[in-house]
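> Here are the chains, one letter per residue:
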Amino acid sequence: MAIHIDNIRNYILKQENNSKVQSMPFRILADCDAPVSKYFETGVKVQEDETQKASFRGYPLRGKTVELPEGYIGVVLHESIAPVSDKEERKFHVTNKFKTLTYWNWDKAPSKNDKIIQALDWIDVAEALHSPITEE
Amino acid sequence: MQKIDDLETLRSFLASKDNTVNNVYFSDVPQVCKDFPCILGIDEAGRGPVLGPMVYGTAFCPLNEATLPDSLGCADSKALNEESRDVIFSKICANRKMGWGVEVIAPNSICNSMLSRQKYSLNQVSMDAAINLIKMALKGGVNLSHVYVDTVGPPEKYQAYLKSLFPNVGVTVAKKADSTFPIVSAASICAKVTRDYALKGWGFGEGLQAGHEEFGSGYPGDPNTKKFLQNYRDPVFGYPHLVRFSWSTASEALKEAYHVDWEENEEVIPIGNTSITEFFKMTKNRGARSLHDFFTTRCLSRKVEF
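One line per chain: the protein sequences are A and B, in this order.
With our numbering, the residue at position 34 of the first sequence is 41, and numbering never jumps.
With our numbering, the residue at position 281 of the second sequence is 481, and numbering never jumps.
Mixed in with the good hints, there may be bad ones.
[Stated by the list, open to error] Calculated lysine-lysine pairs in the DSBU-like style (CA-CA distance at most 30 Å, straight line):
(1) B:Lys-217 x B:Lys-357
(2) B:Lys-278 x A:Lys-45
(3) B:Lys-426 x A:Lys-27
(4) A:Lys-71 x B:Lys-426
(5) B:Lys-319 x A:Lys-52
(6) A:Lys-52 x B:Lys-455
(7) A:Lys-52 x A:Lys-119
(8) B:Lys-278 x B:Lys-376
(9) B:Lys-426 x A:Lys-45
Keep in mind the hints are simulated off the structure, nothing from the lab.
Bear in mind the structure is a predicted one, so any value in this text is a computation, not a measurement.
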């Protein structure tokens, strides 16, 4: 299986605006636009420790905004045709890019044990494992 | 702190506050209430509705003026209509021997409590509000002699609990206390008037242009409230902060919206019960490498074979 991403370099160079990405602790079984700024962002409250509080359908959420590490960029990908089997080639195109993302926990204070924060550890490890070895 | 001394200042107080969080108001404590032993009543308004805040109210006056609430017309508050409640509320505000206070519990904070990980019930929310009002009275210097609290739940345990918190104050917790004790009736009027004004003047942070006529009283049986829940449903977010999502009326109405699957936080850790012979079996998928724990605990997986 191979993955193709269309035009990634062009897109990133061309795009000036970063999009606002929020990771929610749930899945909405729909694929559509949503009035996020109207219903969600109006209810976001920044706390003294810079974490955030908000609600979704009455559920209390605790969130934190994290910056992606230096030298990295986040991209939002779209796949027009979903694969039928996992052997197939897959084709994505870039729809947006981001430099920060906000993740939300259901009623749990953000901590360094959160999955997203931990996933970002890989970047440091990958850096150590895969950066070219220079002769010193 | 803005002062509330009539219906107009009540309205502007409510309009100036963030209605997605709890807000408390406590009147000045009259000197007589500091000098002489007082009785204090507590009651709530807006427990049942699916829309708007629940309000806890308190009123207090000197023990030797115990007929005061009665003389202002604070009889059984349930038997009074809206207009007479407004009139009595204004009289309570103007009276120099009585003090009062309210805690406006936002619909959002009610559902946040009920939908938290360690479910915090409406009764617990109510008790906290009552306790807070008593503490505020004591902090304000009210010479508290006896507290009367209306309850919907069993009174005995609640009364014992309040007594343990306030050992120097007499405590009576009773069902329908608002029709038995005029001071509780006065508290009930403060709560009910505040609740009505909070709902009528509700400003939608979401920018919805619906007025009070459209969403009605908030009681699940009110045809306007029903219509509002039908017509103002967003398929993703459901409803604005006015709505108590934790009410069955709201969750029923939300079955029409998109389904939401919450992340399952419990990880299933397989218990190692592998028999020793398992290790000697020939397996076909020897090539399939499983990822190191480092990756699986971080929800990282490989999307491309190298």
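> Starting from the hint list further up, note which numbers the structure goes against and sort them upward.
Hint check: 1, 2, 3 and 4 fail, others pass.
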